[in-house]
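Trainee: In case you want the letters, here they are:
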Amino acid sequence: MGYATFLSLIIIIIYVITILKKGEKMSKLIKVISLAIVGLFSTLLVANTVFANEVNVFSARHYDSDVQLYEKFTAKNGIKVNVVSGKDKALQKRIKEEGKDSKADIYITADAGRLGAFQAEGMFQKGASSAALKKVVPANFRSPYWVGIAKRARIIYYNPKTVNPSWNMSYENLADPKYKGRVVIRKSSNIYNQSLVASLIKNNGEKNTAAWAKGMVNNFARKPTGNDRAQILAVAAGEADWAVANTYYLALMLSGKKGAEQQAAAKKVMPFFPNQDGRGTHMNISGGGILKHAPNKANAVKLLEFLLTPEAQQHIVNNTFEYPMIPGVKANKLIAQFGLDFKQDLKTKVSNYGKLQAKALKVMNEAGW
Amino acid sequence: MLVAIPIFTVFLSFFDTTGNYLDLLKDTFLLKYLSNSFLILLGVLSLTFIFGVTSAYFVSFYKFPGSNFFKWALILSFAVPAYIYAYSLVAFFENYGTAFSILTFLFGEGDFNKYIPKFDGLIGSMFSISFSLFGYVYVLTRASFIFQSHNLIEVGKNLGLSSYESFFKIILPSARPAIVVGLSLVAMETLSDFGTVDFFSISTLTTAIYNAWISFDDLTTANQLSFVLLFFILLLFVIENISRKGAKYHQNSKGNKPIPKIQLVGGKSIFATSFCSILFFCSFIFPVSQMTYWTIKFPKYFQDINFWSLNMNTLLLVFLSSLFLIIFSFMTNYGNRVSKNKLISFLSTFSVSGYALPGIILAVAFITFISWFSDLLSSIFGINSFKNVFIGSVVGLIIAYFVRFFSLSYNGIKSGYLKINNSIDENAYLLGYSKFKTFFRIHLPYLKTNILLVGVLIALEIIKELPITLILRPFNFETFATKAYSYAAQDLLEAAAFPSLCLIFWASIFILFISKYILSEK
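If you're matching them up, the sequences are chains D and S in order. Terminal number for the first sequence in my numbering: 369, no gaps in between. Terminal number for the second sequence in my numbering: 522, no gaps in between.
Errors might be hidden in some of the hints.
Unchecked claim - Subject to a maximum C-alpha distance of 27 Å in a straight line, what follows is the list of computed DSS-like cross-link-like pairs (lysine-lysine): (1) D:Lys187 <-> S:Lys118; (2) D:Lys349 <-> D:Lys207; (3) D:Lys207 <-> S:Lys32; (4) S:Lys32 <-> D:Lys359; (5) S:Lys297 <-> D:Lys267; (6) S:Lys114 <-> D:Lys178.
As the list claims (entries may be wrong) - Here's a subset of chain D near chain S, in silico, CB distances under 8 Å, partners left out: (7) Asn53; (8) Asn56; (9) Glu71; (10) Arg94; (11) Gly99; (12) Lys187; (13) Ala211; (14) Thr225; (15) Asn227; (16) Arg229; (17) Tyr249; (18) Ala265; (19) Lys267.
Please keep in mind that the hints were generated in silico from the structure rather than gathered at the bench. Using N, Cα and C, we set each Cβ at its ideal position, and we do this for glycine too.
The whole structure should be built from the sequences, with the hints applied where relevant.
Mentor: Below, the structure is given as structure tokens:
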């Protein structure tokens with residue numbers, strides 16, 4: 001920070017000199033204002049500098065509960081956690097461009113596809129999955145470069161008044177022409193859809209998946225619009241019989257955090273875990289990795305390890321309604337009531353989502369999704 | 001120069017070979033992106049023109065019930081950013097949304113969802129953007145109506161023109177520079193909008209650029225698309241310039257007497273009042289009510305907010321940026337006026353295009369440029385960590401805002417200068433005033449209203465600004481806009497309500513604080 005402070009001061013001084021030089025003609029007000037600016041900048045710079053024991057997090061997850069968790073971490077270890085949150089790709093761009101000057105230690109995001117893609121660009125260093133973490137996190141949900149923090153399933157929702165899925169219904173079945181005009185799902189630009197379609201490409205091949213995507217588009221009840229929750233609401237309102245959305249959206253509505261009407265609407269919809277006689281339901285993760293140029297690597301490891309302690313996991317699942325990553329932690333009861341013994345797709349490595357992301361988008365775009 | 005940098009960065013490697021994103025785009029969606037952008041632009045320009053000019057005409061020339069209230073109330077629409085408008089629109093009309101709650105409250109349980117109109121994202125974006133931007137057209141047009149030389153109107157009367165005829169033949173044409181400035185601001189903001197179209201998941205040129213560059217790392221395609229975007233805007237300017245070729249809009253400084261307002265009666269007055277009421281309701285009352293309703297319904301989201309630091313951060317950015325922008329706009333405008341230097345004139349024309357560049361693209365271009373420059377410094381002079389001064393710091397934010405909003409500020413000051421007849425300068429020189437003295441003694445007092453107007457416009461833009469702040473901000477630094485966004489991103493629009501309300505509140509304070517200057521009729 002030494003250089004930075006120094007340089008900013010020089011810039012400020014140059015600026016002030018320019019102002020004051022012309023100042024013979026300028027009003028006093030402007031002089032006063034420019035002095036005030038200098039004051040502010042200096043305070044800001046000083047305020048920005050010191051904090052030896054810290055860890056810096058760039059996060060594309062926006063949960064307030066994550067910030068509360070970081071505060072717990074600070075209370076416990078005395079390590080201050082600094083956070084910048086933002087849109088996934090934009091944050092990644094900033095980290096890449098900052099290069100070796102980057103102060104970011106950990107990058108946290110939802111969706112394994114994103115983690116994998118960032119890893120492929122060489123932005124993570126090994127060490128995210130420490131010995132302690134390897135013991136508790138299943139191999140499918142981690143790599144040497146990043147580790148899953150929580151799980152979510154992308155499932156089917158249906159209207160129990162109008163349809164009744166057989167126990168072995170699959171994502172593939174949703175493209176069946178008999179559901180014409182009865183399916184809702186969000187746009188292809190959404191990363192959750194891209195990961196789901198990537199997993200279909202991995203399992204069924206690109207050609208079959210392209211045909212499936214066309215079938216899906218034919219079955220759409222409306223032009224894709226809104227987020228995952230809007231799809232669930234469309235089923236509740238009778239606009240469609242089937243929706244595809246992540247698990248935590250329904251739990252969020254059931255929790256009452258979105259009001260009584262949404263809570264009542266959520267109760268009209270049933271969750272369904274597809275592909276039970278095959279590979280299992282599509283799973284995805286929120287996860288984080290340690291960045292290549294992390295200045296506080298040791299603290300970063302500590303933070304990741306903390307996030308996977310039972311205490312932190314319990315906090316996460318109770319606030320975000322995701323599934324816990326480690327054994328011995330109970331999912332929130334709003335999620336647990338859907339059933340916890342469904343077959344999860346542990347066969348398709350989540351790292352494939354990143355690799356097949358572009359193909360998935362292409363398949364969907366070509367189908368007119 | 002500073003402002004031109006990101007634009008150069010965008011054009012860098014423009015002629016490189018095409019990456020694969022463009023092929024994908026060409027095959028599938030490029031036309032759709034273009035047509036989406038074009039449709040939104042067309043819709044927004046028409047709506048803002050109708051809203052802005054009509055309301056400005058009513059309140060400037062006529063008296064009708066509420067006319068004095070609407071005069072300032074209509075500018076409050078500035079306080080609501082398009083993305084917050086979009087949050088309200090979706091929340092109100094979605095299945096089991098606020099409209100559903102209201103109907104249930106009024107008529108008891110029922111299946112109301114199918115009767116509630118559903119907004120297509122395209123229409124939703126159009127309305128959100130129009131309601132939040134028509135204020136530009138309203139304020140500038142109104143200012144021009146008010147300062148329209150009284151003599152012109154008198155001439156119209158003497159020629160026996162009806163009020164319709166004099167509106168279309170005299171009032172509208174002579175307000176044209178103001179309307180055009182207003183509409184071009186609207187056009188640029190619309191094309192570069194990211195928050196609203198992203199919220200509605202509408203693919204436009206801007207989102208295509210974002211995807212090409214940031215998701216696919218295909219800088220070449222991104223540049224080519226940016227070129228299309230800039231071309232769009234350039235085209236608008238060129239058309240405008242051609243169509244008013246030769247016309248001069250200097251006004252005689254005498255004869256700016258306030259125009260006596262005509263009292264409207266009967267149907268006309270009902271129409272004027274209801275038009276303004278509906279406009280005011282839709283643009284301001286509706287989003288504010290939706291946000292207030294949520295804030296009251298979900299009081300526990302209060303606790304999570306660090307109210308004090310949000311206030312401080314937002315106001316700090318506003319204050320510093322407005323100051324820089326206004327000072328520099330004066331320097332360039334005045335430079336243009338006195339020096340007639342071709343280079344300065346060219347540079348300032350060029351640099352205004354910063355406004356046309358979407359904030360999110362500009363922010364990334366800024367980061368790319370600073371990194372490149374910093375690496376250069378480090379390899380040649382061994383100065384390290386230069387980029388840390390600008391990326392992730394308040395200094396960097398202010399410079400990025402500067403690049404983004406220079407056009408706004410420059411044009412605002414310029415429109416004032418256009419009205420100061422050059423003969424005034426010449427008279428001042430004859431009186432022995434130096435150029436500086438002319439500036440401080442004559443231009444500055446003359447342009448007081450413009451400075452305030454511009455200052456507040458910048459302040460409003462910065463309070464509402466989202467993508468640049470989001471990506472360039474320091475650690476643990478939140479503004480009302482980023483806080484609202486982050487709640488919206490976790491699908492808790494209910495929690496976004498309070499920061500949104502605060503944002504609207506501050507913006508309204510700014511507006512009311514200067515409204516008497518904006519609305520001054522002297």
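Trainee: Are the hints correct? Go through all of them and say.
Mentor: Consistency of the hints with the structure:
no. : hint                  : result
1   : D:Lys187 <-> S:Lys118 : holds (17 Å)
2   : D:Lys349 <-> D:Lys207 : holds (20 Å)
3   : D:Lys207 <-> S:Lys32  : holds (25 Å)
4   : S:Lys32 <-> D:Lys359  : holds (20 Å)
5   : S:Lys297 <-> D:Lys267 : holds (21 Å)
6   : S:Lys114 <-> D:Lys178 : holds (24 Å)
7   : Asn53                 : violated (14 Å)
8   : Asn56                 : holds (6 Å)
9   : Glu71                 : violated (11 Å)
10  : Arg94                 : holds (6 Å)
11  : Gly99                 : holds (7 Å)
12  : Lys187                : holds (5 Å)
13  : Ala211                : violated (17 Å)
14  : Thr225                : holds (6 Å)
15  : Asn227                : holds (6 Å)
16  : Arg229                : holds (6 Å)
17  : Tyr249                : holds (7 Å)
18  : Ala265                : holds (4 Å)
19  : Lys267                : violated (11 Å)
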